[in-house]
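Trainee: Mapping of the sequence shown onto the working numbering: residues 1 to 149, in sequence order.
Keep in mind the hints are simulated off the structure, nothing from the lab. Careful, some of the hints might be misleading.
EDC-like mimics (lysine to aspartate or glutamate), calculated; alpha carbons at most 16 Å apart, straight line [to be verified]:
| id | residue 1 | residue 2 |
| --- | --- | --- |
| 1 | K31 | D4 |
| 2 | K20 | E79 |
| 3 | K6 | E107 |
| 4 | K31 | E79 |
| 5 | K108 | E35 |
| 6 | K90 | D75 |
| 7 | K90 | E132 |
| 8 | K7 | D110 |
| 9 | K7 | E24 |
| 10 | K7 | E79 |
| 11 | K108 | D16 |
| 12 | K6 | E35 |
| 13 | K90 | E70 |
| 14 | K136 | E79 |
| 15 | K6 | E78 |
| 16 | K90 | D4 |
| 17 | K72 | D16 |
| 18 | K90 | E78 |
Using C-beta positions, here's what the derived DEER-type ranges look like [said to hold, decoys possible]:
| id | residue 1 | residue 2 | range |
| --- | --- | --- | --- |
| 19 | G33 | E64 | 19 to 25 Å |
| 20 | L85 | D4 | 15 to 21 Å |
| 21 | S139 | E70 | 24 to 30 Å |
| 22 | E107 | V67 | 18 to 24 Å |
| 23 | Q19 | S68 | 16 to 22 Å |
| 24 | T27 | D4 | 17 to 23 Å |
Heads up, the beta-carbon is just placed ideally off N, CA and C, and yes, glycines get one too.
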Amino acid sequence: MLNDVKKILVPVDFSDNSQKVFGEATTVAQKFGAELVCIFVVQSFEDYSGFFVPHMPVIQFQEEMQVSAEKKMADFLEENLPSGLAASSKIVVGDVGEAIVAFAAQEKIDMIVMGTHGYKGLERVLFGSVAEQVVKTASCPVLTVNPCR
1 MLNDVKKILV
11 PVDFSDNSQK
21 VFGEATTVAQ
31 KFGAELVCIF
41 VVQSFEDYSG
51 FFVPHMPVIQ
61 FQEEMQVSAE
71 KKMADFLEEN
81 LPSGLAASSK
91 IVVGDVGEAI
101 VAFAAQEKID
111 MIVMGTHGYK
121 GLERVLFGSV
131 AEQVVKTASC
141 PVLTVNPCR
């Protein structure tokens, strides 16, 4: 199964930890001769729109986040991608863990390499552990990297 790793998905959140995890993912990709697919998920806040007072135009906010994320992704890959390594990127909107798993299945990803720690604090309390959700529900192997060590 691991001998056939051709596409590796790497979720990034543009934190300092993302650079460390991406570095590990590039090493794995080089060993397998695999393509890297980087994904950033714009958290969907549609379910939370009733919490904002005054009501915030959620769709407009998500669209602005997507445009910003596309620029950040291009910069991130330019700064961190070793030359000669095949890579592509995708920005999606949704629940972060669910979107990663769905994208991996849709794109027939062979392995996911992701960090055990991304943003910290309130986001972790509100949204739980994305890595744990992906490990439990992904249909392909998931390699988790603790970027704090």
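Trainee: If a hint holds in the structure, say so; if it does not, say that too.
Mentor: Hint check:
1. K31 to D4: Cα-Cα ~12 Å, so holds.
2. K20 to E79: Status holds; Cα separation ~13 Å.
3. K6 to E107: holds, 12 Å
4. K31 to E79: Status violated; Cα separation ~21 Å.
5. K108 to E35: OK: K108 and E35 at ~12 Å, within 16 Å.
6. K90 to D75: Distance ~14 Å between K90 and D75 Cα, so the pair holds.
7. K90 to E132: Violated, at about 22 Å.
8. K7 to D110: Cα-Cα ~5 Å, so holds.
9. K7 to E24: Roughly 15 Å between the alpha carbons, so the hint for K7 and E24 holds.
10. K7 to E79: violated, 21 Å
11. K108 to D16: This hinted pair is violated, its Cα atoms lying about 28 Å apart.
12. K6 to E35: Roughly 6 Å between the alpha carbons, so the hint for K6 and E35 holds.
13. K90 to E70: Given pair K90, E70 holds - Cα atoms ~8 Å apart, limit 16 Å.
14. K136 to E79: Violated, because 32 Å separates the two Cα atoms, which is more than 16 Å.
15. K6 to E78: Distance ~22 Å between K6 and E78 Cα, so the pair is violated.
16. K90 to D4: violated, 23 Å
17. K72 to D16: Holds - the C-alpha atoms of D16 and K72 are around 13 Å apart, at most 16 Å.
18. K90 to E78: holds, 15 Å
19. G33 to E64: 19 to 25 Å: violated, 38 Å
20. L85 to D4: 15 to 21 Å: Roughly 19 Å apart at Cβ, these two residues keep to the hinted range, so it holds.
21. S139 to E70: 24 to 30 Å: For E70 against S139, whose Cβ atoms are near 27 Å apart, the range 24 to 30 Å holds.
22. E107 to V67: 18 to 24 Å: holds, 22 Å
23. Q19 to S68: 16 to 22 Å: About 18 Å separates the Cβ atoms of Q19 and S68, which means 16 to 22 Å holds.
24. T27 to D4: 17 to 23 Å: Holds - the Cβ-Cβ distance for T27 and D4, about 18 Å, lies within 17 to 23 Å.
Violation of the numbered hints given earlier is confined to hints 4, 7, 10, 11, 14, 15, 16 and 19; the remaining hints are satisfied by the structure.
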